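Kindly generate the complete structure, drawing on both the sequences and the hints.
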Amino acid sequence: MTLPILPTTVIGSYSMPSWLEHAKNDFLQRRVSRHDLDEMYDSARKAAIKDQETAGIDIVTDGELQRDNMIDYFAERIPGVQIDHSSKRFYYDYYESTVRSKLASGSLGLAGEVKFLRRYTDHPIKVAISGPHTLVKRIQNLHYPSEEAFALDLARVMNLELKELARLGATYLQIDEPYYSGFPEDLPWAIRAVNTMVEGVDAKLVLHVCYGNRYGKPSWEGTYRYLFPTILDAKVHLISLEFARRGDEDLQLFNEFKVPFAVGLGVVDVKTTEVESATLVADRIRRALKVLPADRLVITPDCGCVHLPRDVAFEKLCAMVEGTRQVRKELG
Amino acid sequence: MIFHVNHRTAADVTSYVMGTLPGVIDHVGLDPQAAAGLHVDLDWLPYRSNFRDPVIARRAIDAQGHPLAHGEIAIDLAQVDQARFEAQVTEALRSLRAGSTNQDPAYVRLDQEFKPLRESVIWQFNRLFWQRLNEWQSASGRGSEAVPGETSDANNPQSIEDNVADFWTLLRDLDARGQLPAEIFALEIGVGTGERAAAWLDRFKELDEQCGGLYYSRLRFLLGDYSPATLEAALAAVHRHAPIVAVLSLDALNPFKTLSFLRFKILYIHLTNVYDNLPFDEMVRRGEGLYLVEVRPYLDAAAVQRLTTEHARDAEQLTDTMKRLLEGGPEAVHQDRAKGVAFWRCLWHALRLEERLRAVDPAESDHLPSGLSRSYLEDLLAGAPADARFQLSRGAAESFANTVPLLHPRGFLQVQDVFVTAMDAYRQEFSGPGKVDGSIVSSVNGALLRAVASRAGFDVHFAPFRYRAGSRTSVLYTTPRD
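As you go down the protein sequences, you meet chains A and B in turn. Each residue of the first sequence is one higher than the one before, counting from 1 in my numbering. Each residue of the second sequence is one higher than the one before, counting from 1001 in my numbering.
Hint data in this document are derived by calculation from the structure and do not stem from the laboratory. Certain hints may be false.
Said to hold, decoys possible - Label pairs and their in silico Cβ distance ranges:
(1) B:Leu1381 - A:Ser105: 45 to 51 angstroms
(2) A:Leu280 - B:Gln1131: 49 to 55 angstroms
(3) A:Leu28 - B:Gly1178: 52 to 58 angstroms
(4) A:Glu322 - B:Ala1242: 46 to 52 angstroms
(5) B:Glu1119 - A:His22: 51 to 57 angstroms
(6) B:Ala1382 - A:Glu249: 44 to 50 angstroms
(7) A:Asp42 - B:Lys1115: 42 to 48 angstroms
(8) A:Leu28 - B:Glu1288: 22 to 28 angstroms
(9) A:His22 - B:Glu1288: 20 to 26 angstroms
None of the values given here were measured: they were computed from a predicted structure. In this text, a Cβ means the ideal position worked out from N, Cα and C, and glycines have one as well.
Structural data, given as structure tokens:
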């Protein structure tokens, strides 16, 4: 499937149904079996894929509905991270997780996500993975001499996984790093960790940096100026940023700095249930086109849609697609 | 008979009541089975003015409205008068047996239907009070301080100074990280006399001047209240800071509706004695059963006598007169407004609530505040005693949920009020409604707010108000939940 100019994609997660939230909590209380929960996940993920296709999204994900949050799903899979499974009752909370020795090399078991997507859609697919900087901020480190050392070793382990996902046919692999915005001083080593993670990976590589979406609210505020110029060293094809909620003043940074990658343009605010009009989306894209050429823009929501009600999430994606189509027409 | 002693004081009155009741039950001739299962609540109401007669009966109905065998009497030990007590208990027991609450024809019901507390007419009285605060206070000769002549907890100078210091620390930290917004928004909801806001701003300005003028000029201080009269008075109180102050008419239940343009932008939000004045329900757990308390307003014979003689009102038409008062204010019931206010005050002081318990269907969710699922209530109940009466602080929960989206990621909400922070505490004291002046006062279910907050991405903490010995107030503050 050839992508059009201004391709559209989601960041990763799709609306979490309340029935699935209940099931996740019941699983933690041992009232739902692993088998039943997995069946529910499959149904929800198929529905998420279908919604994206129906809305007209070009690059789709599985909606990440099998993930409790952006930390635990990976912490449970990283060989050598110890999890206290009694440490949460609400699925969205974080487990207490600790690393006490050097991480082993081993599979994170994400291949199933690619296979699932490949089975249920013929669209280009994307799998998002929480980045090493974000993970080291949440996993207690009792072994490595520094966060940087921990992140670089984590990146080494995750690099093997990314290569496997690319081999299985993941078109896009995205690294999510919301914690950059809270700890801008870490950026030099955090970018080194990303580069370790993506080295030799044969896929379109995306780095998503936002201001957080925990409980549907930002964790930090500020401007993206802190990313520059360090971010220019990131060996990725696309950097995906939020502009809808925060406004697009930071687009001027791309006038100021010559960037070697394309930009994922957040045009839909995922922290409000108010649905943007296609006209507003189109206007946001046109404003970006004054700074960046169309062949270097990918159209996205600001962040994952996990906290939005399903109908709102779907309508927002439809508006995003329709707004993008309007601009495509203008571009001929 | 099952006694529930819901207080930790008044041992002598408690002994008297527990010693007297068996004889009265014998005298009334209550069926032995009913007597054995009779639930007796012994409360100590902390509010001198409240909605309870000394002894009341509560019947129970199922979710469809059919009578259940469960019956209760509740005694306010603070009002027990030994000369009248036996007669009052006898009347309550007889009404239980007869299948109604009060039978005395001299009672006047101001509504024929039982309703959940949140829908009761008392909230219309409460609204009228805040809308016509000046008129009430002119008549009472009292201001808004909790204790005349003393400083209320809200205006405690040391508390305000510490509060400003905490906020200042936050600003310095954000500034050091280059994350301080150009405009620094702070919001006070429920402004009272404006005295607290004025003292807070004075202290902030003083600190700013000591530090070379860093932040005061960037501060945008918003005063929000639904009472125009209150806002006007508050604005006058903060006139020294007029250039940086704005007043907003807003509903404490939904500040976001008015201030949505400040989503994620406000660094400090403060409320004092607002949550206790927002609609709530009460629920009762009796073993495996869960009940919603329904109420019906009435006036007793003495009150009816006073209103008809002193205010020249027809007893038959008191309900209509009350409706006119609540819709049109004092002038709607008397051409002489002062007389209208006097009638209003007399009616409010006399107002009582009958109670009954409606069983809650396990599948029902009408009684739950929006945003709160049954699983949260189940979690709350898991930590609650088997027999307890507790508040479902709907208004407080709604207000909280509609306020926190205004907070900057590093901002915090502070609420000064009387909180019940653990469900178990509901067995230790009466937490239901009382009256202060013309308004409703009550405790707030802090445990419920903790559950609501966690869903909204916040942890809430409760710190006792340490600036006045014996204060019942505590301070809720939020931290972002990671």
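To see whether the hints hold, each was checked on the structure:
no. : hint                                     : verdict
1   : B:Leu1381 - A:Ser105: 45 to 51 angstroms : 48 angstroms, holds
2   : A:Leu280 - B:Gln1131: 49 to 55 angstroms : 39 angstroms, violated
3   : A:Leu28 - B:Gly1178: 52 to 58 angstroms  : 40 angstroms, violated
4   : A:Glu322 - B:Ala1242: 46 to 52 angstroms : 48 angstroms, holds
5   : B:Glu1119 - A:His22: 51 to 57 angstroms  : 29 angstroms, violated
6   : B:Ala1382 - A:Glu249: 44 to 50 angstroms : 49 angstroms, holds
7   : A:Asp42 - B:Lys1115: 42 to 48 angstroms  : 47 angstroms, holds
8   : A:Leu28 - B:Glu1288: 22 to 28 angstroms  : 25 angstroms, holds
9   : A:His22 - B:Glu1288: 20 to 26 angstroms  : 22 angstroms, holds
Checked against the numbered hints above, the structure breaks hints 2, 3 and 5 and satisfies the rest.
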